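We have chain A already, so just place chains B and C on it with the hints.
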Amino acid sequence: MSVFILRRLMQSALVMVAMAVIVFFGIHLIGDPVWMFVSPDMDQQDIEEVTRALGLDRPIWEQFGYFVLSALQGDLGTSFIFGEPALGLIIERMPATLELAFTALLMAVAFGIPLGLYAGLYPDSAVSKAIMAGSILGFSLPTFWVGIMLIMVFAVILGWLPSTGRGDTVDLFGVPVSFLTLDGLKHLLLPAFNLALLKISLVIRLTRAGTREAIHQDYIKFARAKGLSTRRIIGVHLLKNILIPVVTVLGLEFGSLIAFSVVTETVFAWPGMGKLLIEAIQQLDRPIIVAYLIMIVFLFVVINLIVDILYSILDPRVRLGDRGA
Amino acid sequence: MNDAPTLQVTDLKTHFFTKAGVAKAVDGVTLSVNRGEVLGLVGESGSGKTVTGFSILGLVDQPGRIVSGSIRLNGEELVGKPEADLRKIRGRKVAMIFQDPMMTLNPVLRVDTQMIEAIRAHGDVSEEAARERSREALVRVGIPSPDERLQSYPHQFSGGMRQRVAIAIALLNEPDLIVADEPTTALDVTIQAQILYEVQKLCAETGLAMIWITHDLAVVGGLADRLAVMYAGRVVEEGPVDQVLDAPLHPYTRGLIGSVPSHNRRGARLSQIPGMTPSLLHLPEGCSFAARCPRADDACRVMPPLEGFGPSRAARCHHPFTAENDGQEIDLTFNE
Amino acid sequence: MAVTDAGKTSPIEAAPLPAPPAEAPLKRFLSDFADSRLALGAALLLAAIMIVAFLAPVIAPQDPYDLATVSVLDARLPPGTENFAGYTHWLGTDGAGRDLLSAILYGLRISISVGLASGVIALFVGMAVGLVAAYVGGRTEGLIMRVVDLQLSFPAVLVALILLAILGKGIDKIVIALVVAQWAYYARTVRASALVERRREYVEAAQSLGLSHARIIFRHILPNCLAPLIVVGTVQTAHAIALEATLSFLGVGLPQTEPSLGLLIANGFEYMISGKYWISVFPGLALLLTIVSINMVGDQLRDVLNPRLQK
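The listed protein sequences correspond, in order, to chains A, B and C.
Sequential numbering from 1 applies to the first sequence in UniProt numbering.
Sequential numbering from 1 applies to the second sequence in UniProt numbering.
Sequential numbering from 1 applies to the third sequence in UniProt numbering.
Same shape as in the complex, but just chain A (with noise of 0.2 Å):
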């Protein structure tokens, strides 16, 4: 277990790298670095003086070596607008969009499963029939319209929920969150359920899949043939060989959800780093692009290694270390 922990974080460790050097040669590529770090109302002698303080006069490897050298030691820039370090700034805002999209996580396989489940388990019923529909209509909706629908029903015709803003937080070890306090969750249920709407689809395609499927298995009826009860039969023998794709996807997918949560930050102004990232770019906070860019690589990789370790808990046939008799 352990060796395969550690071949893993070799292999991240080199993704790493190779993402480093794409991002920096890339950026040297479109054009001057130096754009990168300076603001658009600086003169050219500032300019100058920016280039050198950047060392980006300098022959490129030394750059790269120097650019890596000071990722390593958390410097990634100083926004613009802000006068604070990048990389603080996403790491001050990282955790309400965590929040954000575990939140989702939960609803995708809250309402994911039990619906694929019954999709699965009764194909030709008409309210099976309606949820493929829905989960269809989920997949082809554009995450940042169904964002706006949300308000348009619940926070302008109802009335029911807010539409912009975290509302109260609490601090939970020191990390301010919003599902502890009433007001919050009123804030979270709205973002969290668009951004949850396309892994929802997702959950009950790949649940319904694989009802399908098991259902037909021998496994199953040689269960029923013991005698066992329908709840357990589902819900143990069926559940536990459907965990596995839908855990792996999901955990793929959780990468997706804080990418897509730029839009829905977006749309209902929640102060996440997807939200700072739009506005970053709208304001050629050049620092902060580029410390995002290096922090999403970075929860990718984290996220990726935590999927292939789940995965291997859940699965006796691909645990580690034991190849069986």
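Because the hints were derived from the structure by calculation, they are not lab data.
There could be a bad hint or two in this list.
Here chain A is said to cover these stretches of chain B; the calculated rule only asks that three of the stretch's residues, wherever they fall, bring their Cβ under 8 Å from a Cβ of chain A [stated by the list, open to error]:
| no. | segment |
| --- | --- |
| 1 | 87 to 98 |
| 2 | 104 to 112 |
| 3 | 115 to 125 |
Quick partial rundown of chain C residues pointing at chain A, CB under 10 Å, derived from the structure [stated by the list, open to error]:
| no. | residue |
| --- | --- |
| 4 | Thr246 |
| 5 | Gly251 |
| 6 | Gly262 |
| 7 | Gly268 |
| 8 | Gly275 |
| 9 | Tyr277 |
| 10 | Val281 |
| 11 | Leu287 |
| 12 | Val292 |
Values in this document were obtained by computation on a predicted structure and should not be read as measured data.
C-beta atoms are modelled at their ideal positions from N, C-alpha and C, and glycine is treated no differently.
Relative to the frame of chain A, chains B and C by itself:
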């Protein structure tokens, strides 16, 4: 009480209502199994033997259902019983073993989980007691180091071992009847022999009744006490295993035996039954075997009844191979 | 005698034999496609959307970007209102007083053009890369597929967003961003089916005949990869349209001078809180109908073109 058969199936009809029409997978099956007896249920694939087995356990899935007939287990009628009652019978009074041991055990659950749940589904047994019983069951089917094996996952067992586990699970609640659906087909010949030996011993020792479903006459010849031969959803011949194999009454049985190498005379041509099993959707009028039968004539346009021949045998044929008409040598090779 | 009869009257499979191959493939394809009424309806709807989008300058009641005909006095009129000039705005007007129906038609034109252009370019780029990977094999293939996998592990929206952050706004820039974000899907698809085809005997036969690589690739392997490519192409084009709308909504896609549906929706968003729903809702519905109908056509194409599903 002891004289009554453990299982009595009478005129059972299980049909499948598909879009293409009604498939009469089981269409009037009558058979019985006594205590300690092994009944071999033989037929080609599609003859309805597996569906018969599932019907006995009440495990026929949509679009199939039992249309009519009676299944009595120790005198208790099972047809028409509510699902909740059937569930209590399954795994406790009737157990089933499936063909492919690779597929019958849930791959993501440990063996102990799958055994203990089978016990606790049928009684208020403590986890510890259930584990102990599971251990004993594994020992009984000849699995070494059972404690370690209980903690394993199915993929850590070989095919033969998995089938032993499946048999152990079937035995857990000491059922009156086990329906075994081609349980050794997927196994090596040597492992097959071991399992057959152990099953035979079990039946003799415990009074367990067993239906051994197979298409392999060689296997069933050494194992079963009696044989029932199925064709197109019906039992066409029934009787003690030696008598049926030595002197088959029905032309179909004869054809089956003729196609088994070991039952043929040396040097004789191995015969095949010409034609194919008829589609269950479009069964012909009269005897379903008539189209493939060398003896068929106009009489066979009417379905023959299952007729008794002596005290223990029966066949569903207008022209059986009885002593009086079997004088001339019948060409076993089904030449035109 | 009885035996031969049996062969005729009681086959195991009573199902009718597949249709005789005499039928023209295109006709058969069309009739298979029309099997699903829903898909047929979606195809017709899609055709109608494409036609009105491309005819927008001809059929739109107003040129929404001709400042002479647009008056701010008409801003935010609800659907069905008559304006000062006596003209009825069936879908209302937007924040700048433009006729919304006209703006939607023009917006559709931009959205579909961007989607199609990026879809086609990404298809060719991905196809070329995928074919090379499958045909050359070895290290080159390994390297190409590594890059493809790496890119596919990042959501397309993120890739496009970052690219646009560097490139800036504009139709050409968003097409580039969408191509970069999507080529890998095509490359993976083409490589997968080309690999299968490559191992077929006819490719070996063609090679042993000494045909040139290009000829083998384009005349022998490529035609057999077309079916999955068409299916992926449809779905990815719908994706591209949705992605462009999303990016424009976020304000990083198209400039205000070239308002696609996404931008129209974004512009209407600020009026939504005050109850002027139509400015956002109607462009959104147009976007929705376009994407859903493309997806439904794609779904049916998948079923029809998939040889495994053909009975």
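Taking the hints in turn, this is what the structure says about them:
{"no.": "1", "hint": "87 to 98", "in the structure": "holds (count 9)"}
{"no.": "2", "hint": "104 to 112", "in the structure": "holds (count 7)"}
{"no.": "3", "hint": "115 to 125", "in the structure": "holds (count 4)"}
{"no.": "4", "hint": "Thr246", "in the structure": "holds, 5 Å"}
{"no.": "5", "hint": "Gly251", "in the structure": "holds, 6 Å"}
{"no.": "6", "hint": "Gly262", "in the structure": "holds, 8 Å"}
{"no.": "7", "hint": "Gly268", "in the structure": "holds, 8 Å"}
{"no.": "8", "hint": "Gly275", "in the structure": "holds, 6 Å"}
{"no.": "9", "hint": "Tyr277", "in the structure": "holds, 6 Å"}
{"no.": "10", "hint": "Val281", "in the structure": "holds, 7 Å"}
{"no.": "11", "hint": "Leu287", "in the structure": "holds, 7 Å"}
{"no.": "12", "hint": "Val292", "in the structure": "holds, 5 Å"}
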